[in-house]
Amino acid sequence: MKKILVPIKMVLDANMRPRVKTDGSGIDLSGMKLSINPFCEIAVEEAVRLKEKGLAEEIIVISIGTAKAQDVLRQAMAMGADRARLIETDQPIEPLTAAKLIRFVAEEEKPDLIILGKQAVDDDCNQTGQMLAALLDWPQATFASALKMEADTLHVTREVDGGHQTLAMPLPAVVTTDLRLNEPRHCSLPNIMKARKKALDITPVSVCGVNIETRLNVLNVKSPEPRKPGRRVADANELVTELRTAGVI
Amino acid sequence: MTILILADHDGHSLNDATARAVSAARYMGDAIHILVAGENVGPVAQAAAHVSGVDKVLVADDPTLAHLLAEPVAELLIELSKDYTAVIAAATSIGKDILPRVAARRDVMQVSDITRVIAADTFERPIYAGNAIETVKSSDAFKVVTIRSSAFDASPQTTTAAPEENISLPSKAWKAHFVSEELTKSERPELTSARIVISGGRGLGSAQAFQTVLTPLAERLHAAIGASRAAVDAGYAPNDLQVGQTGKIVAPELYLAIGISGAIQHLAGMKDSKVIVAINKDPDAPIFNVADFGLVGDLFTVVPELVNILG
Ligand SMILES: Cc1cc2nc3c(=O)[nH]c(=O)nc-3n(C[C@H](O)[C@H](O)[C@H](O)COP(=O)(O)OP(=O)(O)OC[C@H]3O[C@@H](n4cnc5c(N)ncnc54)[C@H](O)[C@@H]3O)c2cc1C
Ligand SMILES: Nc1ncnc2c1ncn2[C@@H]1O[C@H](COP(=O)(O)O)[C@@H](O)[C@H]1O
Numbered sequence: 001m002k003k004i005l006v007p008i009k010m011v012l013d014a015n016m017r018p019r020v021k022t023d024g025s026g027i028d029l030s031g032m033k034l035s036i037n038p039f040c041e042i043a044v045e046e047a048v049r050l051k052e053k054g055l056a057e058e059i060i061v062i063s064i065g066t067a068k069a070q071d072v073l074r075q076a077m078a079m080g081a082d083r084a085r086l087i088e089t090d091q092p093i094e095p096l097t098a099a100k101l102i103r104f105v106a107e108e109e110k111p112d113l114i115i116l117g118k119q120a121v122d123d124d125c126n127q128t129g130q131m132l133a134a135l136l137d138w139p140q141a142t143f144a145s146a147l148k149m150e151a152d153t154l155h156v157t158r159e160v161d162g163g164h165q166t167l168a169m170p171l172p173a174v175v176t177t178d179l180r181l182n183e184p185r186h187c188s189l190p191n192i193m194k195a196r197k198k199a200l201d202i203t204p205v206s207v208c209g210v211n212i213e214t215r216l217n218v219l220n221v222k223s224p225e226p227r228k229p230g231r232r233v234a235d236a237n238e239l240v241t242e243l244r245t246a247g248v249i
Numbered sequence: 001m002t003i004l005i006l007a008d009h010d011g012h013s014l015n016d017a018t019a020r021a022v023s024a025a026r027y028m029g030d031a032i033h034i035l036v037a038g039e040n041v042g043p044v045a046q047a048a049a050h051v052s053g054v055d056k057v058l059v060a061d062d063p064t065l066a067h068l069l070a071e072p073v074a075e076l077l078i079e080l081s082k083d084y085t086a087v088i089a090a091a092t093s094i095g096k097d098i099l100p101r102v103a104a105r106r107d108v109m110q111v112s113d114i115t116r117v118i119a120a121d122t123f124e125r126p127i128y129a130g131n132a133i134e135t136v137k138s139s140d141a142f143k144v145v146t147i148r149s150s151a152f153d154a155s156p157q158t159t160t161a162a163p164e165e166n167i168s169l170p171s172k173a174w175k176a177h178f179v180s181e182e183l184t185k186s187e188r189p190e191l192t193s194a195r196i197v198i199s200g201g202r203g204l205g206s207a208q209a210f211q212t213v214l215t216p217l218a219e220r221l222h223a224a225i226g227a228s229r230a231a232v233d234a235g236y237a238p239n240d241l242q243v244g245q246t247g248k249i250v251a252p253e254l255y256l257a258i259g260i261s262g263a264i265q266h267l268a269g270m271k272d273s274k275v276i277v278a279i280n281k282d283p284d285a286p287i288f289n290v291a292d293f294g295l296v297g298d299l300f301t302v303v304p305e306l307v308n309i310l311g
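For the protein sequence lines, the chains are W and V, in the order given. Sequential numbering from 1 applies to the first sequence in my numbering. Sequential numbering from 1 applies to the second sequence in my numbering.
Keep in mind that the hints are not guaranteed to be accurate.
Far from chain V by the CB rule (all over 10 Å, computed), these chain W residues [said to hold, decoys possible]:
(1) 23
(2) 54
(3) 71
(4) 173
(5) 194
(6) 196
(7) 209
Listed next, the in silico DSSO-like pairs over lysine-lysine satisfying Cα-Cα at most 27 Å (straight line) [to be verified]:
(8) 222/W - 274/V
(9) 110/W - 2/W
(10) 281/V - 228/W
(11) 110/W - 172/V
Note that these hints are calculated values from the structure, not bench results. Where is the CB? At the ideal position from N, CA and C, for every residue including glycine.
Kindly produce the complete structure, drawing on both the sequences and the hints.
Written as structure tokens, this is what we have:
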């Protein structure tokens, strides 16, 4: 295969606790650490491994977002991606729009494989890869935990509710990553330096010919109901007594 | 206002998540049809016909549909969807795989993993690993929605069966093919529908301890077994037991977290349980912040004690 396209999203770092804005309009990201979505990092790592095995020639990472998303694109290039594209916008982008914008880039770049994260840990939507596959009329393998090429056929093992399932498909195809696909590498300083010189092409969203108006209006964002404070029990005996009193055992 | 639900099943029996999706659908429309797609799915269709609130069962029986692969099932749903105001499914690995394809082809934005229906076009759904709940109103005329099973009770069984209608699959060349599957066999109740769940974390230390320490307690309590991501990553438990933001979401009557620290991604999968128990040797473990009953101690002594007391 020649090209792999990896769409990556910049999100609130998974170790940060989100703060709900008091006016109920959303999550306050000001001053918070933003990072590459963990599933996207796994997607980049998988693409780099395929290239290292000699199975791919070029890896292009793409992000749709603000100018700040260049940071995660640089990180992906430090991991081994060859070049990057930013579709720049200050507007919130829903998965359907993201899928259409990625299709726009895919039509230009003509990749053989697109690897996405299974889910962005901010919106927790778990849709973009499947939508993209449908728009391109490509086969898909979601929630991948292992990938291998056999001749021209891609074999993907998927994490499903009952265990694992393996699918085979021709390229081009769309894959979305699960947590156990690989463990992403740390970027070395020389690679971080090298990544600064790699090409990062910026396209304003307005030239992509995609209507980015949102379809879901967010009426309100609130904190979940807090749980009632619990209490400590001294030992196993007291625990069993409490659970019997509560009627749960 | 007729809603079409995609039935979730394993080829033999109807997943209880489907009956939960029926409950959600009842808030969204006035008639409910269920699509049972698969191979030799007669018994599944029968079960679907006996879920209260279901008005009709569409049966698509075809070898191509045997493993509910995304391409053919989505194509079938897209074709059928023209007669419906919404297509919905439980947010299982099947529903999550298939429904976004339907949404994209119908050019609508899917509403994923809803926990409440406020109106036929307005829903609540958790975001940021359940650290926030957003209320969204869809402006699309046609709706595609996935349902978080733990947030809805299963619609009960009825004695009168809804009528069945056979439908056929559009003929097309499908690109992805099924090769094999490896399903975890377990004596334990199913994780997402069990009344009691006992989950183990990295604190268990080995696959062997995971089994020998947790199984006797699970047997006493007729409980399902779950795991944290760290326990799954370390190979103590199979992937399908993972509870959390990116695993399964559970809300049993009783949840015991044993040797689990309580990272937000784990809490995302269990914090709506009715009663939560934490057993951890670290008194500062965050899991204690959500536990109704916290026991600070070494799990290797506490759990066998519990087994003894329960007899
Ligand atoms: C994108 C993303 C998605 C994730 N999704 C999930 C998910 O779906 N589910 C999930 O669980 N995690 C998920 N995680 C991982 C999560 O952040 C934590 O790393 C994980 O939950 C930790 O598992 P743990 O509590 O078993 O291990 P640890 O955090 O290592 O905790 C082990 C606990 O065991 C206790 N312990 C050790 N020995 C004993 C003993 N003898 N007796 C009693 N207690 C003992 C320790 O005090 C400690 O609190 C995700 C992370 C990311 C970044
Ligand atoms: N704005 C974006 N830019 C680049 N990739 C994205 C964007 N939004 C979603 N994706 C991709 O789609 C995956 C799933 O996102 P979601 O459907 O929002 O959960 C992510 O892991 C990314 O690979």
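Cβ separation check - residue 71/W to all of chain V, threshold 10 Å: Answer for residue 71/W: holds, closest chain V Cβ roughly 20 Å.
Assertion that residue 54/W lies farther than 10 Å from chain V (Cβ): holds (24 Å)
Reported absence of residue 194/W from the contact zone with chain V (all CB gaps over 10 Å): The claim stands: residue 194/W keeps its Cβ more than 10 Å from every Cβ of chain V (closest is about 30 Å).
Pair hint residue 281/V and residue 228/W, alpha-carbon separation not exceeding 27 Å: Judged against 27 Å, a Cα distance of about 22 Å means the pair holds.
Given as non-interface: residue 173/W, which should sit over 10 Å from chain V by C-beta: Given a closest Cβ separation of 8 Å, the condition is violated.
27 Å Cα cutoff - pair residue 110/W, residue 172/V: holds (24 Å)
Hint consistency between residue 222/W and residue 274/V [alpha-carbon to alpha-carbon, up to 27 Å]: holds (21 Å)
10 Å Cβ clearance of residue 209/W from chain V: holds (15 Å)
Residue 110/W paired with residue 2/W [C-alpha distance capped at 27 Å]: holds (9 Å)
Interface-negative label, residue 196/W against chain V, beta-carbon threshold 10 Å: Given a closest Cβ separation of 31 Å, the condition holds.
Non-interface claim for residue 23/W, where every Cβ of chain V lies beyond 10 Å: The claim holds: residue 23/W sits with its nearest Cβ about 13 Å from chain V, beyond 10 Å.
When held up to the earlier numbered hints, the structure conflicts with hint 4 and nothing else.
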